[in-house]
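In order, the protein sequence lines correspond to chains A and B. 1 is the number of the first residue of the first sequence in the numbering used here; add one for each residue after it. 204 is the number of the first residue of the second sequence in the numbering used here; add one for each residue after it.
Derived by calculation from the structure, the hints in this document are not laboratory data. Every residue gets a Cβ at the ideal spot worked out from N, C-alpha and C, and that includes glycine. Treat the hints with care, as some may be off.
[Said to hold, decoys possible] Partial list, derived from the structure: chain B residues whose beta carbon lies under 10 Å from chain A:
| # | residue |
| --- | --- |
| 1 | Q306 |
| 2 | F388 |
| 3 | R393 |
| 4 | G405 |
Number of protein chains: 2
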Amino acid sequence: MAQAPLHFYFDFISPYGYLASLRIEELAARHGRTVEWHAMLLGVSVMKVMGLKPLMDTPLKGDYARRDLNRGLRRLSLRLARGVDGPVMEPLAAARAFHWVKQHHPPLAGALAKAIYDAYWRQGVDLSTPQAVAAIALPAGIDAAALLAGIQGDEGRALLRNAVDASLKAGVFGSPTVVVDGEMFWGADRLAEVDEWLARGGW
Amino acid sequence: MAQAPLHFYFDFISPYGYLASLRIEELAARHGRTVEWHAMLLGVSVMKVMGLKPLMDTPLKGDYARRDLNRGLRRLSLRLARGVDGPVMEPLAAARAFHWVKQHHPPLAGALAKAIYDAYWRQGVDLSTPQAVAAIALPAGIDAAALLAGIQGDEGRALLRNAVDASLKAGVFGSPTVVVDGEMFWGADRLAEVDEWLARGGW
Numbered sequence: 001m002a003q004a005p006l007h008f009y010f011d012f013i014s015p016y017g018y019l020a021s022l023r024i025e026e027l028a029a030r031h032g033r034t035v036e037w038h039a040m041l042l043g044v045s046v047m048k049v050m051g052l053k054p055l056m057d058t059p060l061k062g063d064y065a066r067r068d069l070n071r072g073l074r075r076l077s078l079r080l081a082r083g084v085d086g087p088v089m090e091p092l093a094a095a096r097a098f099h100w101v102k103q104h105h106p107p108l109a110g111a112l113a114k115a116i117y118d119a120y121w122r123q124g125v126d127l128s129t130p131q132a133v134a135a136i137a138l139p140a141g142i143d144a145a146a147l148l149a150g151i152q153g154d155e156g157r158a159l160l161r162n163a164v165d166a167s168l169k170a171g172v173f174g175s176p177t178v179v180v181d182g183e184m185f186w187g188a189d190r191l192a193e194v195d196e197w198l199a200r201g202g203w
Numbered sequence: 204m205a206q207a208p209l210h211f212y213f214d215f216i217s218p219y220g221y222l223a224s225l226r227i228e229e230l231a232a233r234h235g236r237t238v239e240w241h242a243m244l245l246g247v248s249v250m251k252v253m254g255l256k257p258l259m260d261t262p263l264k265g266d267y268a269r270r271d272l273n274r275g276l277r278r279l280s281l282r283l284a285r286g287v288d289g290p291v292m293e294p295l296a297a298a299r300a301f302h303w304v305k306q307h308h309p310p311l312a313g314a315l316a317k318a319i320y321d322a323y324w325r326q327g328v329d330l331s332t333p334q335a336v337a338a339i340a341l342p343a344g345i346d347a348a349a350l351l352a353g354i355q356g357d358e359g360r361a362l363l364r365n366a367v368d369a370s371l372k373a374g375v376f377g378s379p380t381v382v383v384d385g386e387m388f389w390g391a392d393r394l395a396e397v398d399e400w401l402a403r404g405g406w
């Protein structure tokens, strides 16, 4: 029987989520696993449920995160068109697009997530409107007009709401979060631990 | 010329600080470095300056931290008399003791920090009073009566206040934090990155 997928939770506005998204599939594949992608909203988990400020607006921690993220980019020799501490887009259109595709073309959800992440962070495209999301280079098999209708309709809204509720019920609060066979790991800096967990079969 | 020490910032009430304290000197020594220990107060940085709740009282994140810490203990085969999510002691007596020793017996400060951490976490001793701190197994060279006077006098209070101010000026907010040649790494899960930073001479 095939093993359960790794569950990868992320917010498109999260630079740490972006960094982890570049490595999660290779990590999973090395252990014979696939990845199920889950777009969530930090605006709900961090701000509404936890009652915290956005990371970059938190005194001291925001300054550290800026330096830490830039250090992470240098380590990966990554050049992004978008600064890690710039204004944050409204992620609803992108997250609804993701969940509409996950519902209607499940095998393409991961490819769409990566395409959105790449457009937003590496290329620096503003994706705060449904039109902008539908206009990126979409994975083959996703029709831009159908996607736009999906983002703007009630279904996309409902799918995202349900997904965010489910992520909170699973205890997920941060981006990225990886859940492996029910075990949760929070943070881009924990991918090595996920790797070790999979190699050893837990501890 | 000898290289600068690693600066290790911690709060005695921090279980992640405790876990890192068990590994920091071995890590530093592998790179020909020593460790300068710095007791700080999360009650000042996290609660007063950052305006956040204590970790264990933060919805979702507290639950995760409990699981994550217990996973970290299992990985190290550590058994502690104190649960990672129990009531938190008042750390002022321990932190004043540390800074009084750092002022008067600088070479013994790290040993005292480790003795306090061991008494509090592994042995489960309540160290919320000056008397309790002075009664632990102290490193040779520290006189219990002199230490008790140091904790209770104005000097210990002033030394701790100055140290906490200095840690905030250095941008330190969390426990543990390691500063290597001006570069800051926050979190017990970043020790591997500190190791790599030292091995590569940065990036």
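Review point. Looking at the structure, which of the earlier hints fail to hold?
Key: Violated hint: only 1; rest satisfied.
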